[in-house]
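Those protein sequence lines, which keep their order, are chains E and D.
When we follow this note's numbering, the leftmost residue of the first sequence carries the number 9, and every step to the right adds one.
When we follow this note's numbering, the leftmost residue of the second sequence carries the number 23, and every step to the right adds one.
Please note: incorrect hints may appear among the correct ones.
[What the hints assert, rightly or not] Below are the DMTMM-like pairs computed for lysine to aspartate or glutamate, each with C-alpha atoms no more than 20 Å apart in a straight line:
#: 1; chain 1: D; residue 1: 726; chain 2: E; residue 2: 157
#: 2; chain 1: D; residue 1: 65; chain 2: D; residue 2: 386
#: 3; chain 1: E; residue 1: 11; chain 2: D; residue 2: 158
#: 4; chain 1: D; residue 1: 65; chain 2: E; residue 2: 157
#: 5; chain 1: D; residue 1: 709; chain 2: E; residue 2: 99
#: 6; chain 1: D; residue 1: 49; chain 2: E; residue 2: 99
#: 7; chain 1: D; residue 1: 49; chain 2: E; residue 2: 103
[To be verified] If we take Cβ atoms under 10 Å as the criterion, some of the chain E residues that face chain D in the derived model are:
#: 8; residue: 23
#: 9; residue: 149
#: 10; residue: 163
[To be verified] Stretches of chain D that chain E covers, calculated by requiring three or more beta carbons in the stretch to come under 8 Å of a beta carbon on chain E:
#: 11; segment: 59-67
#: 12; segment: 435-443
#: 13; segment: 654-663
Bear in mind the hints are in silico, worked out from the structure with no lab data behind them.
We treat Cβ as the ideally placed atom computed from N, Cα and C, and that holds for glycine.
Residues per chain are reported as follows:
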Amino acid sequence: MAKMPVSITVNGQRYEREVDPRLLLSDFIRHEIGLTGTHVGCENGACGVCAVLINGKTGLSCLAFAVQCDGDEIETIESLGTPSDLHPIQEAFWENHGLQCGFCTPAMVLTAHELLSRNASPSRAEIIEAIGGNLCRCTGYQTIVDSIEQAAEQMRAGKEEAA
Amino acid sequence: MTTTMDPRIPPSRQREKPGQDLKWIGKGIRRVEDPRLLTGRGKYVDDVVLPNSLHAAALGSPHAHARIKSIDVSKARALPGVAAVLTGEDVAKSTGPLPCFSNPPTEQRCVAIDRVRHVGEPVAIVAAESRYVAEDALALIEVEYEELPVVMDAAEAVHATGDAVIHPERGETNVAIHRVFEFGDVDDDFAAADAVIKRKLRWPRSGAQPMETCGATAVFDEGEGKFTIHVNSSMYNYVGWLIAVTLGVPVHKLNLVPTLAGGSFGSKLFIHKVPVIAAVLARECGRPVKYLEDRIDNMTACDHHGSDRIYDCELALDADRRMTSMKCTVIDDYGAYFQFGIGHHGNALSQITGPYQIGSVKVDITAVFTNKCQQGAYRGFGSEVSNYVMERMVDAACAELDLDPVAFRKTNFIQPDQFPYFIPTGNLYDSGNYPAVLDKALDLLDYDGWRQKQKDALAEGRYIGIGLATCQERSVFSSTEFWSLNDEAGFALTSSPEGVSIKIDPTGNAVVSLQAPFWGNSPETMATMVLAEKLTIDPANISITYADTDHGVSGTGPGGSRYTVMLAGAIVGAVDTIKDKLFKIAGHLMEADTADLELRDGAVGLKGVPGKEMTIADLAMQAHFFRLSFPDEPGFDTGLDATTTYDHPLTTMPSEDRKDLGIYYPIMGHMCHMPVVEVDIKTGQVKFLDYVAVHDCGTMVNPKTLAGHIRGGTAQGIGTALYEEYKYDANGQLQNASFMDYLVPTAHEIPANMRIGHVETPSPFTEYGIKGGGEGGRMGAPPALAAAIEDALKPLGVKADFLPLTPAKLRGLIREAEAS
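Here chain D stands alone, though its shape is the one from the complex:
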């Protein structure tokens, strides 16, 4: 608990303390979302069917970098069944650039004008009576291109000039931004170091690739001058209004309606290009238009590729083998546009020193443009990369200085009595117990037992490795991370709220309106559990809806493992309002002082007097229909509902000089991943023998769904570590733009029985002490697997400094090691 009076830490706004005797929170109940999803009744974006609809398709550029010299759409327009064919110039007559959060912005259009910057970028769009006809029309569009030099190598991109500059309007360079951040006395710490460990590390470009692509159905009502767009995007009640700005209509003339999303993992954080394409065509044709990416569109042009980084790292240690400082130089390949700036590095800097006591850190960041699909969000938003880097450096130190990886970590951990703990960047870790997590993992795995089996196996010529990663799982972002690293802040937003509306109907049932969509997480279950807990009602009496922008309030939605924490905060606030009113009504009817009342099991009762109570259902009927039974005071006005917005529980501003980034990602989870693998040195194949993951996400709301996030995130981390990479050739062609070639793990590639453990260190700042847990698996598995493989191949002296460690690449490393 925070007993500190540190003036840098705002006071906690926590209302519901951890450690209460709880009825619903903490129980692994079945999800309320599931019955309709299991029976095919879930309504995803392609299930929105409006009468008289047209279907759209986009012609993607075959070139990575080219000038558009001319486009002839006459044959396409003449095709029967085609309603409209629009080029970038046609679109630009009514529609502006797509939303961009970097400063200065990069100008991105939903359909390119003059120049294409990556393969798959739309150069023309078609609306037709069917998707089939729309795709026929694409084949009839004739485009003449003048090819420009293609920039694919991030390190070389830094030096590009002339026609190889991808955004000349931003200056004569492909460097999108270069900044050096230094926190603490890095030079002094390195000068005083007893040992310095150096490594070059490579993190590959992969992506979320949810099973459902992005889509939208748009309607333009000419009478009202208003758009309605059904879309599987999140953040529509946060920044969705920017779509209206792009479309050139007042913000209140756009209603964004959410649908279920068939997975996101970040990649549907804020979909802009797809709904704008549908809307532009709907306005042009005067009919509803559906645009759904196909898989190639999604792989080549989804605007959400993951991080793609080259690191040069140095780690300083003192004579006691304590880490004292770290320096990283990183080049990050952002692709053709720059929608979130280097927010991903803000994310990484929130936990850059991991769970360790490291006093200073310096990060030299160069973000470059290349002719690839732009980066967006993918589970971890850049901090999964810094987890990998930190853990790889820890392993390198242990290998080079012959230290035990478990003991070394324990020595360097921030200790449980040191929280709340400021890391050098200025971010705060609210709470944690890292030794407890590590000990639980060691125990669950039977670490010593596996070390013995490893020795025995080696004697038989089998290469078994045990990986260990102890990583941070930051949660609940503050919006300052999106701009604090910019040269100039631009629009320096400081709100990242979550709203909720709760209405109690006259019979005492509750309808909860969420401000963000379902995208594979469990928002309905979370809201139901927290509301049932706080209002003491039965989950069966709660139903959940998703507010569109017309009816919604502020809500940022899932992302950065924030949603459960923020939604719980909003629900607690709303229930407190409803509770006040229930108590007023009950107090009047029962002739009791409201201070003597309590909520118990769906009723308001007199404290200490069993049987003296009124049910919420009776009180709700009174609240809705019997105004004249009550005093003529506003507090008794008809109705029983509340709309509450919960702001970030703990955030502060960065300093002007950015020597201190402020508190911006403080709800700090932690994890320990321990895979056991066997590497077949003849084929390079990696097989799982065991896998243990222990996570600390504070107070657990639902252990069943949290374990689901951990397993699913780990499967994605396995993909990142062993299989997945968008492979572009030197001409900018994406060579594996299908699931035949871009290898998402199947049931065969994951551990047969991954075992999950939990430690609960509640947050002193959030309701009930909940922390986020949506991204963790993918933030821990990659470094743990790299470590396991390196450990297996230790007898051969193989170093694994890059991902993905595919069989072919591992064979290459083994061959090299055997030759030397």
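One chain only, chain E, in its complex shape:
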């Protein structure tokens, strides 16, 4: 199988690679460029664990080929906070015990990030709708909804303070 050139920007950095046309975006992110914060749970688009932001919208990286994302801008969990400087969403997940094993967490946080970027004050029903495609086997979801609700509040407060 002839390799194909791709140019994908991940977390602001452009990566030029020659890849198999069948290489999944999830494998490109994890194995070609070594960002292992994106996890893989089912590889058939049913669990949502591999979600990343593709041009600002959440997409399942196990359902896209890397070559389809040529020229795209991808954001992964590594683009948000760091352990010593958490993003407000991550801070809220920490405070509310919105994670246990942490395997679905990067996708949950990114999904929340996308939601809050288009809706600064989501209702609980809207939060549940947004994470409806992300499975979590540990938490029972309630504390995830709490986390996102609190993150929205804090981010609104932060913006008001800045204004």
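We have chain E; now place chain D onto it with these hints.
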């Protein structure tokens, strides 16, 4: 507190009494695990990347039961990028059967030889330059099968003969074991009964299905003759050495290195097939090999399906409506292998009579082989099923005898002044306060208010139901449960320890080495809190590591809701050792008697003399670097560390005749679950209106993480009760081997605001009085939901004797009820 002098109860070894004024234990602090997990820095098994690695894939059998007539791997081997293709026979040249804890064992191979016994069982394995190429190679392997009769129905499996016998080497039957256990005078109690309630109940096969599958990266160092395997398994410092036996190397020539696990819920209790496949290929190829199950591998062949039981039950009551005796006949479908024997029933027998005073019990257990993936562990390990059965029988008694489910439970509860309490099987309940838990739940829910709303709703044609389950939450298993029910005990192990190593560095910081992995629980937070409490140091000065088998000591790891209790025991022991040394050093330097010293706020101080103290940091520097400042006695030798192993706090041997199973699961928690649901009788859909769960896990270490276990376990219990079931067809094909079809609850399927309450009845036997709490939610939600649905549909006369109560099945029950 135990004031009893009952000779059957060993004395308590509790050092740290409950009820102390505590600084950290009991506080809902944020987890220390989280910052790296939240930012994608957690290292799970697929994040182990070694240079020059190969990637493996396994060819699963398409047949449920067949002889392998021939395998042609030549085309697969010829594919560019393929390093090795091995059949079962190839593997068997160097590698033995997988570990098995039943007696006699069933022979299971990591790659089948001659015969396949379930769909998805590996028949060949490949290592290649990428997972993609490895999967290409699978498609080129040609296998010729001769199909054998497929055994799928557990009740029919009992009668199978000839080619339908799945393990002929064990005899001409698919009955893996049949045993009848009787505790107390069951016949007399039934003869004297005023009423006998009978029900047939069905518990479906579901499974843990963590978001991360099982995986391993193996390296074989030919120079050292030694394997190193990175794997997301637990119990590696307990029984991991059995992997070396399988691989045919001395035990010290295998190092198992734990990784974070992306959830387990029991299903990563002891992973054997996956690391052995990776190791066999690594030895063959002389390169590191990674093998990671995909989701289909995990669903069809993870070796950890949950219980799958058919019950016939009878409950005897006297004229005062007290339950006196219970009889159960149970057929349990174990699938194709039998790795833990009927340990799951040992687990169930530890709390078989629930929170009630029932004087006798008889259980007739038939474990059968069928052509399904074998059973393993799933949150509850079989005792969640007996909780469901007990509560369903209680509800049946209330329904048939027109009794109030709350009052009936209160009458039959073991009362707070009766502890410690022996149940008929010989297991001991250490402590409890069941009326307090029930009262708190009734109050939290506003039970009377919901009963009124239920009436009002019915008048509008809406069907609301209130469920009630009062269940046991046994914790801290003793290993006797794994063999005490066997015909012959085999290897009758009696140790299930937990070790810990604590090193205080020269600046006074602590490094704690755990002997078991993180698998979604909070071991780092627990260890940090208990150590900070006991040594009076700041949590910020503690770091946690995970010991591999080369550097570890004995440790059984999480499972059976044991880990927090056992880890606390080990840490208390280790700190006592470190404290002794700190006191010796401080006593010498401060010219004080060690009896006059105390730990306070990170320092050793003279009792009653504020300001007269030395910090642990100063003492640690002394301990590490200034040997000649101290007397020439061994107690002053350089260093400040301790390695301690904590054994089970309270366990005894079973009797020879098994009329008494001994004390083996005594740290007894309790819970009350009360869901309120509305059933749409036109669609069979169940909607949550409310949910209250009150748990008693003894002294709470961290209320925040305990509530997390309760909510998460409840979500899994909701899955078991309403949605989840591995659906095999008559040919043994698993029809729902993906998350598209195997329905794990999403955020839409759980209660919007589940409310948690806690009661704390400390254990008199564990450090600080802690009890386990890892499994509770899933052990209470299924019977509570069955009760709620039955209550909602009471006006239609619907009986819910099986799970899962999916919309389609509920519609079937409603249709039947309406027709009759």
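(message) When the structure is checked against the list of hints, which entries are broken? Sort them ascending.
(response) 2, 4, 5, 8, 10, 12, 13
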